[in-house]
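Sequential numbering of the sequence shown, starting at 1, is according to UniProt numbering.
Simulated from the structure, these hints should not be mistaken for laboratory data. Yeah, the Cβ is synthetic: ideal placement off N, Cα and C, and Gly gets one too. A portion of the hints provided could be inaccurate.
To be verified - When the alpha-carbon atoms are kept at most 27 Å apart in a straight line, the in silico DSS-like pairs for lysine-lysine are as follows:
#1 Lys374 with Lys341
#2 Lys77 with Lys416
#3 Lys28 with Lys416
#4 Lys381 with Lys345
#5 Lys477 with Lys31
#6 Lys31 with Lys416
#7 Lys480 with Lys497
#8 Lys254 with Lys167
#9 Lys477 with Lys489
#10 Lys424 with Lys374
#11 Lys202 with Lys341
#12 Lys345 with Lys77
#13 Lys341 with Lys28
#14 Lys148 with Lys497
#15 Lys202 with Lys77
#16 Lys202 with Lys167
#17 Lys28 with Lys254
#18 Lys77 with Lys167
#19 Lys374 with Lys254
#20 Lys345 with Lys374
#21 Lys254 with Lys148
Stated by the list, open to error - FRET-style restraints, in silico, Cβ to Cβ:
#22 Glu288 with Gln456: 48 to 54 Å
#23 Ser378 with His117: 24 to 30 Å
#24 Asp49 with Lys374: 22 to 28 Å
#25 Ser492 with Ala340: 49 to 55 Å
#26 Ala422 with Gly315: 27 to 33 Å
#27 His117 with Asp49: 21 to 27 Å
#28 Leu34 with Lys341: 41 to 47 Å
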Amino acid sequence: MSLDLDLIIRNGIVVTAADETACDIGCKDGKVVLLMANMPVPEGCKVIDAEGGYVTPGLVDSHVHIAQSAAKSLGAKSADDWTTASRSAVGGGTTTVIAFAVQNRGTSMQAAVDAYHELATGNAVCDYGFHVIVTDPSEEQMHVELPKLMADGITSLKIYSTYPALKLNDEQIMDCLFAARQYGATVMVHAENSDIIAWMTKDLAARGMTAPIHHSTSRPPIVESEATNRVLAISEIMDCPVLFVHVSAPDAFKVIREAQTRLLSVYAETCPHYMLLTADEMRRPNFEGAKACCAPPLRENPEDRERVWDYTVNGTVTVLSSDHAPTNFYDANGKQLGLAKAPGKPEGDFRFIPNGLPGVETRGPLMWSEGVCKGRMSPSKFVELNCTSAAKLYGMYPAKGTIQPGSDADFVVWRKPSARTASKVTVKNLHSACDYTPFEGHDIQDWPVLTILRGQVVYDGTTNDVVAEPGYGRFLKRGKSTLPGPRNKWLSEWRPKYVEDAEMQANGQ
C-alpha cells in the first residue's frame, strides 16, 4: 500500500466523543487522511510515537477574554495580549479559542470585530474566532449588521443581564433572541440579576463590608438562578436556543436541566474553578482574596462543587470552558485597583476589583487530571466536553473537535497511565503573562506531552516550550451550530412574521 502522508501519530489510543480506538493517524497538509492499525510509513513521513498514550483532538476553549477587560472603565487592563494568551492556550493542549469582540454602546458590531481582528492578526499562536458581545441591539445592528457578520463567519453573540456597561433589559434580550433565531446565530448568556447585585452592593458598602469575600455576599446563588429562569422564559417564547455560560449555582443548573427534559434547545457551560474552588479563596489574607474574584462568584458551600461535577457528568453541561479573564495581581491596573480605589482600607473594596480569573492553560490538564485520571469521567466524555460539543455549538465541526478523515490535524498526546508523573500547578511554568494562577499548588496527574495544530507541533511538554511562532494561528470563518436548534413550538398564537410567512408558503397560501 502506497500512502501519501507527511505525518503519522502511531502507537496511541485515539479518543473521540464516541469511542476509544487503538490505531494510527495519518495526516497530510495539516488534515487527517485516515485512521488504521499498523499504518505503513511512507518515505520522508514524520512519525510521532504516542508510546501507548491517549491522543485526543486539540482542545477547544470557546470562552476566553483576550486583550479585553470587563472593568476597563476603572482603568483595568488585561494581562494577556493575543500572543501570550494563545501561547498559554497551546501550553495546555488548546488549539482553538473563541474570544470576545465588545460592541460599545452607540457603535457598531462590525467596528468591534474590526478592532479585534487588528489585535489578533499576525499575533496568535493557536487558531481563533470571535463572538460579539452585544450592548446595543438596535434594528440596524440586529437586521443589517448581524447577517453580514454571519456571512463573515462571526456566528455567535453574547448578551449580559448584568454589568452597567453591558447589560440588556428584557425587551432588548427579546430583540436579540428574535434576530438570532431568524439568522441562526448562537446566543450565549451571562445570567445574573443586575438590580439585586446593585442593591446588595450599595448596602454592603454603606456598612463597610467591602473585603473581597463580600463580592460573593453581593451575589448569592439565587441571583444567578433567577436570571437564568427569566432569560430561559424569554428564549422559550422566542423559540431561540441559548447557552448559559459559566453556570455555578445548583439551582441554576436545576432550571436548565428541567428545560432540557422538556426538550428545549438549552445548553450550559461551566468552568474548572466552579468544580475545584470555593468562596474560601476570597478570604485569603493580605488582599490575596482578590485573586479569586469572578462572576458568578465561587460558591460558599463545598457541596456545590460536587453538584457542578454531577451536572457536568450527567449531560446537563454541554461545554467546559476556562472563561480566561486575566488581570495581574501585582499591578496598579489589575487586582490592585481594589486597594487603590479604597485608600485607608487594608481589606480593599470589592467594587473596584476587576472580575475574572486566568485559566486557558490549566483548563485541559485540570479536567484531564481530575476527571479522567481520577475516574470521574471517561476519556470520551472529556473530549465531548472540551472539544466536540464546542465545535458543534459554534459551527466548527468536523474541522475542529474530533479526529476523523478531513478534520484538521489538531491533537493532544497524553501519557499512558503507567507513565504519568504527578506535579503541581505553578504560575512560573505557565505561558500566560498573568502573574498568578488561582490553582497554584493544585495537584496535576498528567500534562500534555505534545500539542499539535494542523500537523505541526506547537507545544513540547517534555521541555515546556511553545515552539510555534506568533501568526501561525488562523482566523476561523465559522458556520452555524449543528446542535439541535429551534423547535417551531410556540406558547401562544404569536410567532415571528417570517415564520408565519414560511408556514403560509408551505401551505400554498
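Results of checking the hints against the structure:
no.	hint	verdict
1	Lys374 with Lys341	violated (43 Å)
2	Lys77 with Lys416	violated (40 Å)
3	Lys28 with Lys416	holds (26 Å)
4	Lys381 with Lys345	violated (46 Å)
5	Lys477 with Lys31	holds (17 Å)
6	Lys31 with Lys416	holds (25 Å)
7	Lys480 with Lys497	holds (22 Å)
8	Lys254 with Lys167	holds (24 Å)
9	Lys477 with Lys489	violated (31 Å)
10	Lys424 with Lys374	holds (15 Å)
11	Lys202 with Lys341	holds (16 Å)
12	Lys345 with Lys77	holds (23 Å)
13	Lys341 with Lys28	violated (56 Å)
14	Lys148 with Lys497	holds (21 Å)
15	Lys202 with Lys77	holds (25 Å)
16	Lys202 with Lys167	holds (18 Å)
17	Lys28 with Lys254	violated (46 Å)
18	Lys77 with Lys167	holds (21 Å)
19	Lys374 with Lys254	holds (26 Å)
20	Lys345 with Lys374	violated (43 Å)
21	Lys254 with Lys148	violated (36 Å)
22	Glu288 with Gln456: 48 to 54 Å	violated (39 Å)
23	Ser378 with His117: 24 to 30 Å	violated (38 Å)
24	Asp49 with Lys374: 22 to 28 Å	holds (26 Å)
25	Ser492 with Ala340: 49 to 55 Å	holds (53 Å)
26	Ala422 with Gly315: 27 to 33 Å	holds (30 Å)
27	His117 with Asp49: 21 to 27 Å	violated (39 Å)
28	Leu34 with Lys341: 41 to 47 Å	violated (59 Å)
Checked against the numbered hints above, the structure breaks hints 1, 2, 4, 9, 13, 17, 20, 21, 22, 23, 27 and 28 and satisfies the rest.
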